[in-house]
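Take these sequences, add in the hints, and give me the full structure.
Protein chains: 2
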Amino acid sequence: MVHADASNFEGVSSKEEVYEQLLLQAEGLFDGQRNWVCNLSNAASLLWHAYKSLPAPSCHVNWAGFYTLDPQTPNQLILAPFQGKPACQLIPFTRGVCGRAASTRQTQLVHDVLAFPGHIACDADSRSEIVVPILVGDNRVVGIIDVDCAVEGGFDDTDRKWLERLAGVIGGACDWP
Amino acid sequence: MVHADASNFEGVSSKEEVYEQLLLQAEGLFDGQRNWVCNLSNAASLLWHAYKSLPAPSCHVNWAGFYTLDPQTPNQLILAPFQGKPACQLIPFTRGVCGRAASTRQTQLVHDVLAFPGHIACDADSRSEIVVPILVGDNRVVGIIDVDCAVEGGFDDTDRKWLERLAGVIGGACDWP
Numbered sequence: 001m002v003h004a005d006a007s008n009f010e011g012v013s014s015k016e017e018v019y020e021q022l023l024l025q026a027e028g029l030f031d032g033q034r035n036w037v038c039n040l041s042n043a044a045s046l047l048w049h050a051y052k053s054l055p056a057p058s059c060h061v062n063w064a065g066f067y068t069l070d071p072q073t074p075n076q077l078i079l080a081p082f083q084g085k086p087a088c089q090l091i092p093f094t095r096g097v098c099g100r101a102a103s104t105r106q107t108q109l110v111h112d113v114l115a116f117p118g119h120i121a122c123d124a125d126s127r128s129e130i131v132v133p134i135l136v137g138d139n140r141v142v143g144i145i146d147v148d149c150a151v152e153g154g155f156d157d158t159d160r161k162w163l164e165r166l167a168g169v170i171g172g173a174c175d176w177p
Numbered sequence: 001m002v003h004a005d006a007s008n009f010e011g012v013s014s015k016e017e018v019y020e021q022l023l024l025q026a027e028g029l030f031d032g033q034r035n036w037v038c039n040l041s042n043a044a045s046l047l048w049h050a051y052k053s054l055p056a057p058s059c060h061v062n063w064a065g066f067y068t069l070d071p072q073t074p075n076q077l078i079l080a081p082f083q084g085k086p087a088c089q090l091i092p093f094t095r096g097v098c099g100r101a102a103s104t105r106q107t108q109l110v111h112d113v114l115a116f117p118g119h120i121a122c123d124a125d126s127r128s129e130i131v132v133p134i135l136v137g138d139n140r141v142v143g144i145i146d147v148d149c150a151v152e153g154g155f156d157d158t159d160r161k162w163l164e165r166l167a168g169v170i171g172g173a174c175d176w177p
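Protein chains in written order, with the UniProt record's numbering: chain A, 1 to 177; chain B, 1 to 177.
Calculated from the structure, these hints are not laboratory results. Be a bit skeptical, because a hint or two may be false.
Pairs involving identical chains hold if they fit within one copy or between any two copies, as the list cannot separate such chains.
Computed cross-link-like contacts, SDA-like style, restricted to lysine to any residue with a CA-CA straight-line distance of at most 20 Å [said to hold, decoys possible]:
#: 1; residue 1: K52; residue 2: K161
#: 2; residue 1: K52; residue 2: D125
#: 3; residue 1: K15; residue 2: D175
#: 4; residue 1: K52; residue 2: N62
#: 5; residue 1: K52; residue 2: D123
#: 6; residue 1: K52; residue 2: Q21
#: 7; residue 1: K15; residue 2: W162
#: 8; residue 1: K161; residue 2: A115
#: 9; residue 1: K52; residue 2: E17
#: 10; residue 1: K15; residue 2: L54
#: 11; residue 1: K52; residue 2: I120
#: 12; residue 1: K161; residue 2: L114
#: 13; residue 1: K161; residue 2: A56
#: 14; residue 1: K52; residue 2: L23
#: 15; residue 1: K52; residue 2: S13
#: 16; residue 1: K161; residue 2: D175
#: 17; residue 1: K15; residue 2: D123
Now the structure itself:
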């Protein structure tokens with residue numbers, strides 16, 4: 001199979017099924033490859049194309065990707081591979097939905113970002129967001145999965161369940177700096 | 001300006017003008033930030049949205065991003081941030097258009113990839129390709145810019161000129177491993 005076909009979700013109908021296929025494809029693409037930049041680049045592409053294959057609200061996802069720990073500054077996230085429009089480079093743990101997920105090591109599912117105190121507007125189009133911490137070993141956070149949607153209520157507990165599984169796969173599949 | 005607006009090329013008409021704006025936006029996004037993963041992630045987004053704002057053939061670009069040197073294996077490229085469908089993880093210098101650009105340190109402008117001996121088909125949809133080496137210091141290659149198009153003849157000397165300028169900006173703007 002050529003690599004691009006990993007993002008072909010045609011004929012897969014439900015969100016559960018799309019996420020299940022996404023996880024299988026991610027495991028296939030990570031097989032034998034532990035470079036975190038390489039694997040996050042392909043994972044961002046899989047996420048983007050998975051959402052675009054689904055009905056609303058998922059197809060309105062307008063950003064899907066990753067932040068990792070900034071090697072220069074403790075308790076700060078730095079932009080990593082993503083698909084979507086250009087994004088904020090640095091996010092302190094004290095700021096926004098991403099900072100909250102990293103500092104608490106807990107998934108943040110935000111139905112309306114405008115109601116989230118300290119929300120960082122990298123893109124004025126974003127209306128809802130889910131951020132899942134990537135944890136390794138002894139509960140150490142190495143990064144986050146961040147997905148934004150251009151409509152309110154873009155994410156639910158199905159997204160939470162599968163993105164937490166994906167975070168587990170990614171955490172274990174890469175050598176982290 | 002919110003970061004996402006950096007990829008707004010509305011009202012910019014010619015390819016020259018779009019590339020000129022892309023370079024200005026890239027320099028703005030790189031300002032004060034030398035992390036190569038962060039900067040390549042935003043640069044891939046700028047490239048993608050620049051092509052999508054242009055008339056055919058440029059709007060048919062189906063992959064835009066980067067490969068860097070594989071820290072594990074000499075004379076091999078490894079996938080870095082991109083926008084588009086999932087891609088080949090590893091490319092030896094001896095293979096394909098990307099390998100040729102890295103090993104020769106020369107831009108490769110390929111009107112028809114099917115006529116290029118040893119072309120690597122990460123995506124069967126790709127029909128033309130331009131690959132520009134990113135060089136630093138004493139002509140050392142640190143990576144490549146790779147852009148694929150779903151139609152033949154997707155790139156010309158205007159693309160070459162501006163992507164070589166972008167490669168110069170990127171090379172100087174980042175700390176490379």
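Cross-check of the supplied hints:
1. In the homo-oligomer, the alpha carbons of K52 and K161 lie at most 20 Å apart inside one protomer (19 Å), although the nearest pairing across protomers, at 34 Å, exceeds that limit.
2. In the homo-oligomer, the alpha carbons of K52 and D125 lie at most 20 Å apart both inside one protomer (17 Å) and across protomers (18 Å), since each shortest distance falls under that limit.
3. In the homo-oligomer, the alpha carbons of K15 and D175 never lie at most 20 Å apart, since the shortest distance is 30 Å inside one protomer and 40 Å across protomers.
4. In this assembly of identical chains, the alpha carbons of K52 and N62 lie at most 20 Å apart whether taken from the same copy (9 Å) or from different copies (15 Å).
5. In this assembly of identical chains, K52 and D123 lie within 20 Å of each other by CA distance both inside one copy and across copies; the values are 18 Å within and 18 Å between.
6. Proximity of K52 to Q21 under the C-alpha cut-off of 20 Å is restricted to the intra-copy arrangement: shortest distance 14 Å within a copy versus 28 Å between copies.
7. Taking identical chains as interchangeable, the C-alpha atoms of K15 and W162 lie at most 20 Å apart only when both belong to the same chain, with a minimum of 10 Å there against 41 Å between chains.
8. Taking CA atoms no more than 20 Å apart as the test, K161 paired with A115 passes in neither setting, with 23 Å inside one copy and 46 Å between copies.
9. For the identical chains of this complex, K52 and E17 are intra-copy neighbours only, at 14 Å inside a copy versus 30 Å across copies, given an alpha-carbon limit of 20 Å.
10. When the C-alpha separation of K15 and L54 is checked against a cutoff of 20 Å, the pair qualifies only within one copy, where the shortest distance is 7 Å, while the shortest distance between copies is 33 Å.
11. Proximity of K52 and I120 under a CA criterion of 20 Å is satisfied in neither setting, with 24 Å inside one chain copy and 26 Å between copies.
12. Taking CA atoms no more than 20 Å apart as the test, K161 paired with L114 passes in neither setting, with 24 Å inside one copy and 43 Å between copies.
13. Proximity of K161 and A56 under a CA criterion of 20 Å is satisfied intra-copy only: 19 Å inside one chain copy versus 41 Å between copies.
14. Taking the shortest alpha-carbon separations for K52 and L23, only the intra-copy value of 16 Å comes in at or below 20 Å, while the best inter-copy value is 29 Å.
15. Taking the shortest Cα distances, K52 and S13 sit within 20 Å of each other inside one copy (12 Å), while across copies they are farther apart (28 Å).
16. For a Cα distance limit of 20 Å, the shortest separation of K161 from D175 qualifies neither inside one copy, at 24 Å, nor across copies, at 37 Å.
17. In this assembly of identical chains, K15 and D123 lie within 20 Å of each other by CA distance neither inside one copy nor across copies; the values are 25 Å within and 25 Å between.
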